[in-house]
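Protein chains: 4
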Amino acid sequence: MSFNTFGHMFRVTTFGESHGVAIGCVVDGCPPLIPLTEADIQGDLDRRRPGQSRFTTQRQEADQVKILSGVMAHPQSGAQVTTGTPIALMIENTDQRSKDYSDIKDKYRPGHADFTYEAKYGIRDYRGGGRSSARETASRVAAGAVARKVIPGVTVRAALVQMGPHKIDRGNWDWAEIGNNPFFCPDKDKAAFFADYLDDIRKEGSSIGAVIEVVAEGVPAGLGAPIYGKLDSDIAAALMSINAVKGVEIGDGFATAELTGEQNADEMRASNQGPLFLSNHAGGILGGISTGQPIVARFAVKPTSSILTPRKTIDRSGTDTEILTKGRHDPCVGIRAVPVAEAMIACVLADHWLRHRGQVG
Amino acid sequence: MSFNTFGHMFRVTTFGESHGVAIGCVVDGCPPLIPLTEADIQGDLDRRRPGQSRFTTQRQEADQVKILSGVMAHPQSGAQVTTGTPIALMIENTDQRSKDYSDIKDKYRPGHADFTYEAKYGIRDYRGGGRSSARETASRVAAGAVARKVIPGVTVRAALVQMGPHKIDRGNWDWAEIGNNPFFCPDKDKAAFFADYLDDIRKEGSSIGAVIEVVAEGVPAGLGAPIYGKLDSDIAAALMSINAVKGVEIGDGFATAELTGEQNADEMRASNQGPLFLSNHAGGILGGISTGQPIVARFAVKPTSSILTPRKTIDRSGTDTEILTKGRHDPCVGIRAVPVAEAMIACVLADHWLRHRGQVG
Amino acid sequence: MSFNTFGHMFRVTTFGESHGVAIGCVVDGCPPLIPLTEADIQGDLDRRRPGQSRFTTQRQEADQVKILSGVMAHPQSGAQVTTGTPIALMIENTDQRSKDYSDIKDKYRPGHADFTYEAKYGIRDYRGGGRSSARETASRVAAGAVARKVIPGVTVRAALVQMGPHKIDRGNWDWAEIGNNPFFCPDKDKAAFFADYLDDIRKEGSSIGAVIEVVAEGVPAGLGAPIYGKLDSDIAAALMSINAVKGVEIGDGFATAELTGEQNADEMRASNQGPLFLSNHAGGILGGISTGQPIVARFAVKPTSSILTPRKTIDRSGTDTEILTKGRHDPCVGIRAVPVAEAMIACVLADHWLRHRGQVG
Amino acid sequence: MSFNTFGHMFRVTTFGESHGVAIGCVVDGCPPLIPLTEADIQGDLDRRRPGQSRFTTQRQEADQVKILSGVMAHPQSGAQVTTGTPIALMIENTDQRSKDYSDIKDKYRPGHADFTYEAKYGIRDYRGGGRSSARETASRVAAGAVARKVIPGVTVRAALVQMGPHKIDRGNWDWAEIGNNPFFCPDKDKAAFFADYLDDIRKEGSSIGAVIEVVAEGVPAGLGAPIYGKLDSDIAAALMSINAVKGVEIGDGFATAELTGEQNADEMRASNQGPLFLSNHAGGILGGISTGQPIVARFAVKPTSSILTPRKTIDRSGTDTEILTKGRHDPCVGIRAVPVAEAMIACVLADHWLRHRGQVG
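Chains as they are written, first to last, in numbering that gives the first Met the number 0: chain A, 0 to 360; chain B, 0 to 360; chain C, 0 to 360; chain D, 0 to 360.
Here chain A stands alone, though its shape is the one from the complex (with noise of 0.2 Å):
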């Protein structure tokens, strides 16, 4: 797995560019006779596509997904289904507006992947970011729908918890708020906030952080494996791989370099008693394997890079110079990270039961 490519079993290799003719991935080793239609992974895309508050980019995109491979109409029942080959899903680009470059075809934006891509290929696609592009993170929610179908009786969601210096109150946590404002916010209350806050943010042309934590309920114990193949590891890796993601942390995370081993211990006791373990500081991981708990991750977003105020920068040639990114930005791209967040946490989780399957039966 060099590049493009996550997953050993349950295998994604996602492709293009913001402004090419169209981004994809192809799933590689799903199971066969799982029932799958595009509408099954268009209601995952719907909720990542932006340009539906006016707190994510205006970039109006369809992203209608089509399966070009891997299912057909099982011969006796009807139903389409997996076959076990490859499974290649495709997602148009529509709003490629002939919009003009000129302003940063030529310079670097701070923060921005803009000098690391020419650095290294001496060549970068300034058209909206090229691979960049938070638009390639489509694919990955197009192929997480197809992983959340792989386990039976497994949830995965995430919710934003903290935009700023402002985190949501835990009290209040209710996942079935996520669906009613546009921060994917459990917390009604604080949803409220952010809406004020943030519209302040978009006003200004500035931008903001946000911190997202993600649950994955219904994982059987044993899933993971020591050193390399931990499950934390690889949680970590495709949390981190999301753009902008500059810290990932498991059960309580940072928290726990605070905590004596007395406290830290999740203690456990007989399970017909109740839950088997009286706590969740581990968030679901012991060892680099599923406890059979919640697994909890939470990531954290950087401000977007594109901003109106201008900033130092360089050109090509090296030369001082100042930038501004003018356009359809994302005043917090964090919020479009939580659907993204639960794809790529249920593609490590169908490829860990894959492999544990493999391994022990």
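Among the hints, erroneous ones may be present.
Claimed, not checked - Calculated pairs, DSSO-like style, for lysine-lysine (alpha carbon to alpha carbon, straight line, at most 30 Å):
1) Lys104(C) to Lys65(A)
2) Lys104(A) to Lys148(C)
3) Lys311(A) to Lys202(A)
4) Lys166(A) to Lys187(A)
5) Lys65(D) to Lys65(B)
6) Lys187(C) to Lys202(C)
7) Lys202(B) to Lys325(B)
8) Lys65(C) to Lys65(A)
9) Lys187(D) to Lys166(D)
10) Lys104(C) to Lys148(A)
11) Lys166(D) to Lys166(C)
12) Lys104(B) to Lys65(D)
13) Lys166(A) to Lys166(B)
14) Lys104(D) to Lys148(B)
15) Lys65(A) to Lys148(A)
16) Lys325(B) to Lys104(B)
17) Lys148(D) to Lys104(B)
18) Lys148(C) to Lys65(C)
19) Lys202(A) to Lys166(A)
20) Lys202(B) to Lys187(B)
21) Lys104(A) to Lys65(C)
22) Lys148(D) to Lys65(D)
23) Lys65(B) to Lys104(D)
As the list claims (entries may be wrong) - Chain B regions said to be covered by chain A (calculated; three or more residues, Cβ under 8 Å):
24) 130-137
25) 197-210
26) 226-234
27) 247-259
28) 274-281
29) 291-301
30) 310-322
The set of hints was computed from the structure by calculation and includes no laboratory data. Built from N, CA and C at the ideal position, the CB exists for glycine as well.
Given chain A's structure and the hints, the job is docking chains B, C and D onto it.
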């Protein structure tokens, strides 16, 4: 890839349990003609070796590395060099004290991998934690010593920057202090404080968490690759794979959630005026690719789960019981993670260096 | 790695069935700044395309390739070049004749993948063979066209050297003849003979096997790696992965079983006296690594299993029955394997070129 | 994946040179709870061990295997079993005769890897061939002994079926004879003939090629996967990776080039009437997936390149010279390839068994 191998071009496969015959690793893909002796590796191993102060486990292991393959005396110069073939490194287990493990043989230590290994494999090596033992990390340190020699001009160093709630004073940072205290702490004053602080914890039979920071200097711009071959994604996986690590961050990490786009932008200026970048919030990585600035990562290590205070648990039959772990344990296992982290980052960089050279030339 | 991807640094993932929406592939790891247009790929696809003579299936497919990603107009030169990001190639299926498949839907064709796909997946795409259709090889040819551009100065050509029991006369070998007959045959006289020979087979509704030889010239010494990264091992895997291939040999191949060490030795002499080697029994590979001589491989293609003569078989319920396959089939499927083999070898060489450059520089 | 690892789920990484400290391998991904002792492995190693007759190299190695990790006494039964963690196997080199290598140190043996290793790495281990030594195959045999225990009910056996131009009489095939002669030959009469034939070759200081056949019985239908995960593709890679192998075929192999579709079809009949298939031209694999019939593969081994007759070559400076190789060499290295081939096929089958169980359940 899966399980016990990491890296793609510079590939390390580790093996071994704390109470088996030996631990070790196979380093595959190392370029030829690099001078390499056992002494080159032994130095790093000695830094990780436990039993050197009262603040680490009193288990005494010589940790003497043996090179089994992959090197020979150069036919002309006579110096021992790599040949391009796999380098197998072995460290024999010498201090397998024939301890009485009956206390923990059938009980799960809360916060430990005991329960999950058994849930996965139907068997676990209760003697010293088996594969989940911190002893496994000696193999990584050995591999890291090889990795350090692969990229010319790169220095990878790590330091303990927090123990429990106590953070170092960054104004006091002095790399030279790292070797002067048993905590790899760059702040001389705080190191003195940690000595008293950890003594108390040790005497109580308790344990405490920590935060470690790794810095890689001299990394050229251009290492890494988009999406799932991101340098930060691989760093996150590498650090999260270390025993007891619960969080990883790059550059400003979780703090970026509170920043605006203006604050987070690492502005640039013409390189003849000094450094190319005016700040390094990004921690040396943008879009998954190195910028040429120092790469900065931090990670949190939870407190050792083996403590003297009894904790509620169950035994293999599912019956309620209590457990306390006597024996030679680390009051702050984060300390020994410092050279391990250096090794992991060195391996990731060596791998990406070879991958980059392969794709781009 | 597993399933539908081949290559490590130059990685190709193919997808698609004969009767799905489209087939195609994702080429990952291609170096940047290589000129690449759809026309570059179309030429190779046209050579493989069926329906060009009466000696291949009459299925008519435009086989028009579309580049979905990974290229852009160079900002300075304007020429379309690779960017270093994944290149997705798609070929839409246009001739999915709404044929009546009821004859074979529930029966297994002897010698075909019908039975094994169903044994593995519990479902099979009976329409045209699904994933096992020779149509999948168009994706490989497309990938191969990209691979050809990766190593400078390498030429990969293949030729049909045997049909049924009839071998070409090697004294008549003329690469220029390859394009002059529908068999990719380098022996003009034998090509004329094959036309009559295959006409008879075709009219009888029968089929016949063939042997193909691939030659790669201009490959530098040093590509490959010991043991499981051997160049010949990867060539064997690549050729054996082509539909209907049952044998692969390198250099003198099976004939070396009859040679003595004296006969088999490729003697060497100082290169200023002419070629470095006096013979090429080894087919350009020693110890898994290229010698700098032409790489020569041959492979046997079994006769198409779809024939007009009824054969005993069973149906899905396990009941005895007979089957004969009407429709548009290849009397000698080996013919179309010629450009496919070139593509596979080009991919293997590109991969090893990048791997070698990565490890050794 | 690359270099020195083979397999995806059942992964074997080998290391070691003929004149280093030790050779060995790490077997990763082996299921837990499989009984495994050193004696289980030693039996296979003893079959491969040289010096047991005058027909193999007189190099004397104890080839004593040591299990370094991955097993423990089962806490309840006491039997030594696998734990699911990596199994490291080591065989120390004991007969590193301090021979004078000055004759070949600076010359390239024709037909040997000397030239290519030096071309690739700029260095080669001239002592006994280093990594290219047949000694490396002991590691594979050790890994194969583990693999044999992974799939229940599968038997993998190999036999020498041709030496020089002399083929066995298939009517005389008796597996029981394999152990009764030093050639692993199933034809008693031909074995007697080979003894005289090879004595002559040995006395002349010459060498001769051979063909080996491997048969795996009891393999269930369904192992393998389309396209690049084909079972026959992996078998071809595995066999071609053995030293000196120049050709591989499955089932009827190259002979299928001469067959018509009618002849090549393996007809089927209802299984209550006897075997499901009426013939096995396919060698147990169709479309890359096992049929449930015996898997049959053959491969050609070239004659040893180390011979007593002087051959023209060059030295490291490129000057013309001659070389002849004294020492302990195999007159027919194909003989020792017999247990190696069994081991490789066992590894491939174990890997595909785990992969299949992972994807399909």
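Open item on the list: Can you tell me if the region 247-259 of chain B counts as covered by chain A, using C-beta to C-beta distances under 8 Å and a minimum of three residues?
Closed with: Held - the region 247-259 of chain B has 13 residues with a Cβ nearer than 8 Å to chain A, which meets the minimum of three.
TODO: Below or equal to 30 Å on CA atoms is what counts here, so check Lys104(B) against Lys65(D).
DONE: 26 Å, holds
Open item on the list: Run the distance test for Lys148(D) versus Lys104(B): straight-line Cα separation, threshold 30 Å.
Closed with: 28 Å, holds
- [ ] Assess, step by step, whether the Cα of Lys202(A) is no farther than 30 Å from the Cα of Lys166(A), and give holds or violated.
- [x] 22 Å, holds
Task: Straight-line alpha-carbon gap Lys104(A) to Lys65(C), limit 30 Å - done: 26 Å, holds
- [ ] Would you check the hint for Lys311(A) and Lys202(A), treating anything up to 30 Å between C-alpha atoms as holding?
- [x] 22 Å, holds
Open item on the list: Please verify the coverage claim for the region 291-301 of chain B: does it have three or more residues whose C-beta sits within 8 Å of some C-beta in chain A?
Closed with: holds (count 4)
Task: Within 8 Å of chain A (C-beta), three or more residues of the region 130-137 of chain B - done: Coverage by chain A holds for the region 130-137 of chain B (3 residues, Cβ < 8 Å).
Open item on the list: What's the verdict on Lys104(A) and Lys148(C), does the C-alpha distance respect the 30 Å limit or exceed it?
Closed with: 28 Å, holds
Open item on the list: Tell me if the straight-line CA distance from Lys187(C) to Lys202(C) falls inside 30 Å.
Closed with: 23 Å, holds
Open item on the list: Need the status of pair Lys202(B), Lys187(B): alpha-carbon distance at most 30 Å?
Closed with: 23 Å, holds
TODO: Please work out if Lys148(D) and Lys65(D) have their alpha carbons no farther apart than 30 Å.
DONE: 18 Å, holds
When the structure is compared with the earlier hints, no violation turns up for any of them.
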